Amino acid sequence: AQTVTQSQPEMSVQEAETVTLSCTYDTSESDYYLFWYKQPPSRQMILVIRQEAYKQQNATENRFSVNFQKAAKSFSLKISDSQLGDAAMYFCALRSGNTGKLIFGQGTTLQVKP
Amino acid sequence: KAGVTQTPRYLIKTRGQQVTLSCSPISGHRSVSWYQQTPGQGLQFLFEYFSETQRNKGNFPGRFSGRQFSNSRSEMNVSTLELGDSALYLCASSPSGRDREGLFFGSGTQLSVL
Numbered sequence: 001a002q003t004v005t006q007s008q009p010e011m012s013v014q015e016a017e018t019v020t021l022s023c024t025y026d027t028s029e030s031d032y033y034l035f036w037y038k039q040p041p042s043r044q045m046i047l048v049i050r051q052e053a054y055k056q057q058n059a060t061e062n063r064f065s066v067n068f069q070k071a072a073k074s075f076s077l078k079i080s081d082s083q084l085g086d087a088a089m090y091f092c093a094l095r096s097g098n099t100g101k102l103i104f105g106q107g108t109t110l111q112v113k114p
Numbered sequence: 001k002a003g004v005t006q007t008p009r010y011l012i013k014t015r016g017q018q019v020t021l022s023c024s025p026i027s028g029h030r031s032v033s034w035y036q037q038t039p040g041q042g043l044q045f046l047f048e049y050f051s052e053t054q055r056n057k058g059n060f061p062g063r064f065s066g067r068q069f070s071n072s073r074s075e076m077n078v079s080t081l082e083l084g085d086s087a088l089y090l091c092a093s094s095p096s097g098r099d100r101e102g103l104f105f106g107s108g109t110q111l112s113v114l
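Sequences listed follow chains A and B, in order.
In terms of the numbering used here, the first sequence opens at residue 1 and continues consecutively.
In terms of the numbering used here, the second sequence opens at residue 1 and continues consecutively.
No lab work stands behind these hints: they were computed from the structure.
Note that this is a predicted model, so its numbers are computed, not measured.
Certain hints may be false.
Unchecked claim - Straight line, CA to CA, 20 Å or less: simulated EDC-like cross-link-like pairs of lysine to aspartate or glutamate:
(1) A:K55 with B:E82
(2) B:K57 with A:E29
(3) A:K73 with A:D31
(4) A:K55 with B:E75
Please model the complete structure; the sequences and the hints are all you need to start from.
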């Protein structure tokens with residue numbers, strides 16, 4: 001069975017500082033994708049960043065980057081220069097290459113302090 | 001391009017009733033999937049439809065059903081509502097359901113069962 005674990009229910013960061021959210025996963029598949037989604041109070045899930053398992057290079061999207069450790073099955077999200085608008089719940093998700101089903105972690109609530 | 005649209009935003013029902021939720025995917029997207037979000041269970045996959053066919057199903061009772069129309073719009077139905085069905089129901093779409101870009105989510109329908 002595939003699982004995704006986020007061990008930090010809540011995190012806080014000072015505005016302009018850097019924060020890292022942790023995620024570990026388990027899958028027996030060799031072809032899979034990993035995602036970080038953001039869910040603000042509006043409830044809409046917004047894709048933050050994605051990583052293909054076959055790519056060794058860590059994905060980067062502006063202030064967001066990941067540290068993908070395939071052997072350790074770890075997929076952490078780093079947010080640099082945190083902004084007040086980054087405050088939200090963040091979900092790590094896993095998808096096998098041959099299915100459209102996303103497996104989500106329990107989420108991490110990020111608070112950004114001014 | 002319009003995003004994923006879910007209607008209604010809020011619903012209040014009583015136990016034993018049935019409910020139908022609607023989802024209009026992004027234009028050109030043929031895959032629609034549904035997720036249930038609760039504080040206790042987190043985000044759980046309900047089912048996925050592609051070209052009017054259910055392609056994948058989560059571990060939910062038969063009271064939960066869905067369908068997809070020829071224009072890719074999807075509905076999900078919950079019959080004989082129980083208190084535990086109170087949740088945020090999220091719909092997501094993608095071109096094929098197997099896309100590297102991941103899923104695009106709507107803002108959800110908040111269902112309260114009294």
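Structure-based check of each hint:
Distance check on the hinted pair: A:K55 and B:E82 sit about 44 Å apart at the alpha-carbon level, beyond 20 Å; violated. At roughly 19 Å between alpha-carbon atoms, B:K57 and A:E29 fall within 20 Å of each other, so this suggested pair holds. A hinted pair counts as satisfied when its Cα atoms are at most 20 Å apart, and A:K73 with A:D31 qualifies at roughly 13 Å. The hinted pair formed by A:K55 and B:E75 fails the criterion: a straight-line CA distance of about 36 Å is larger than 20 Å.
Figure legend: structure checked against the earlier numbered hints; hints not met, in rising order: 1, 4.
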